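Visitor: Chains as they are written, first to last, in my numbering: chain A, 1 to 140; chain B, 141 to 280.
These are calculated hints, taken from the structure and not from any lab test. Do not take every clue at face value.
[What the hints assert, rightly or not] Short derived list, chain B residues pointing at chain A, Cβ under 7 Å:
hint, residue
1, G146
2, L150
3, A160
4, V164
5, Y169
6, A210
7, E212
8, D214
9, F216
10, A218
11, S225
12, L231
13, V235
14, R250
15, W252
16, M253
[Stated by the list, open to error] The calculated label-pair distances, taken between Cβ atoms and stated as ranges, are:
hint, chain 1, residue 1, chain 2, residue 2, range
17, A, A99, B, E215, 36 to 42 Å
18, B, T247, A, D11, 35 to 41 Å
19, B, D257, A, E21, 32 to 38 Å
Bear in mind the structure is a predicted one, so any value in this text is a computation, not a measurement. For every residue, glycine included, the Cβ atom is placed at its ideal position computed from N, Cα and C.
2 protein chains.
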Amino acid sequence: MFHTDGFRVLDRRECLRLLAEVPVGRVVYTRQALPAVLPVNFRLDADASVLMCTSPASDLVRAVDGAVVAFEADEFDAATRSGWSVVVTGLATLVTDPAEHERLSRTGPRSWMPLRDGVFVRIESEMVTGRELGRAPGAQ
Amino acid sequence: MFHTDGFRVLDRRECLRLLAEVPVGRVVYTRQALPAVLPVNFRLDADASVLMCTSPASDLVRAVDGAVVAFEADEFDAATRSGWSVVVTGLATLVTDPAEHERLSRTGPRSWMPLRDGVFVRIESEMVTGRELGRAPGAQ
């Protein structure tokens with residue numbers, strides 16, 4: 001589907017394929033009643049939820065656990081003015097189940113920051129939207 | 141200043157220098173009580189406010205005009221797990237002054253989307269924060 005303002009809406013399958021190609025996205029949430037955003041490396045889980053690893057003492061965990069947040073990733077090329085962006089919106093929760101934590105310690109994302117005891121935060125992919133700018137119709 | 145979790149806090153001058161180097165950032169705001177985020181190309185004005193050009197009929201204008209929003213830009217290198225991010229938080233306003241609109245039509249950012257009658261949105265750089273990950277102390 002093409003919009004008159006020049007971008008193409010991506011379906012959920014296309015969005016998840018693009019999300020899987022990039023290592024870093026941005027968590028968008030509310031902190032002290034102000035909009036806040038933090039880039040993090042992430043991995044998609046098998047159920048398409050977004051997984052991050054962070055410090056248990058981080059502001060992020062306190063701010064997002066139990067809240068609906070957005071998670072955005074994108075890639076743009078300034079030379080061709082083209083690119084894509086995907087936004088996942090859903091409930092964020094701290095992973096507290098020991099078996100799940102153990103599984104993610106083996107298969108989940110590793111924080112780019114040196115952490116002693118990382119915790120995992122999951123964002124459910126309840127709503128997944130995306131758009132592509134500046135590509136020809138039908139281009140792969 | 142180095143934090144124990146491995147990133148260095150950037151001062152305002154460093155943040156603005158980095159912001160000036162990238163063409164695209166992300167506006168972070170609230171839409172229908174949910175966190176929302178939209179990537180846009182932008183330019184810094186002489187007073188360090190963030191300028192964007194968009195459609196006057198866009199959801200973005202309706203959602204952010206008169207609201208405090210965040211604006212984020214970053215660059216990361218997955219191979220070295222290094223990079224930086226900067227967040228500007230401040231009041232967003234639609235530029236309505238004709239002289240200012242005329243000035244920005246000449247010197248301001250141009251939308252990457254084909255627009256007939258673009259409008260400019262300004263985000264005041266009231267709070268500017270940034271951090272750098274994975275660079276050696278003292279590195280330029």
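Visitor: When the nearest CB of chain A is found for R250 of chain B, is that gap smaller than 7 Å?
Guide: violated, 10 Å
Visitor: Holds or violated: is the Cβ of E212 of chain B closer than 7 Å to a Cβ in chain A?
Guide: holds, 4 Å
Visitor: Let's test the interface hint: is any C-beta of chain A closer than 7 Å to that of Y169 of chain B?
Guide: holds, 6 Å
Visitor: Is the interface hint satisfied for W252 of chain B? The criterion is a beta-carbon contact with chain A at less than 7 Å.
Guide: holds, 4 Å
Visitor: Using 7 Å as the Cβ threshold, decide whether L150 of chain B counts as touching chain A.
Guide: With a minimum Cβ separation of about 14 Å from chain A (threshold 7 Å), the hint on L150 of chain B is violated.
Visitor: Does L231 of chain B pass the interface check with chain A, least Cβ-Cβ distance below 7 Å?
Guide: With Cβ-Cβ at 11 Å, over 7 Å, it is violated.
Visitor: Can you verify the interface hint for A160 of chain B: is its Cβ closer than 7 Å to any Cβ in chain A?
Guide: violated, 14 Å
Visitor: Restraint: G146 of chain B near chain A, CB-CB cut 7 Å. Satisfied or not?
Guide: It holds, given that the least Cβ distance between G146 of chain B and chain A is near 4 Å, below 7 Å.
Visitor: Should the interface hint for A218 of chain B be scored as holding, given a Cβ-Cβ cut-off of 7 Å against chain A?
Guide: holds, 4 Å
Visitor: Identify whether the interface hint at V164 of chain B stands, where standing means a beta carbon of chain A within less than 7 Å of its own.
Guide: holds, 5 Å
Visitor: Quick one: are D257 of chain B and E21 of chain A within 32 to 38 Å, going by C-beta?
Guide: Holds - the Cβ-Cβ distance for D257 of chain B and E21 of chain A, about 36 Å, lies within 32 to 38 Å.
Visitor: Hint check: is the beta carbon of S225 of chain B less than 7 Å from a beta carbon of chain A?
Guide: This interface hint holds because 5 Å falls under the 7 Å limit.
Of the hints listed earlier, those the structure fails to meet are numbers 2, 3, 12, 13 and 14, in rising order.
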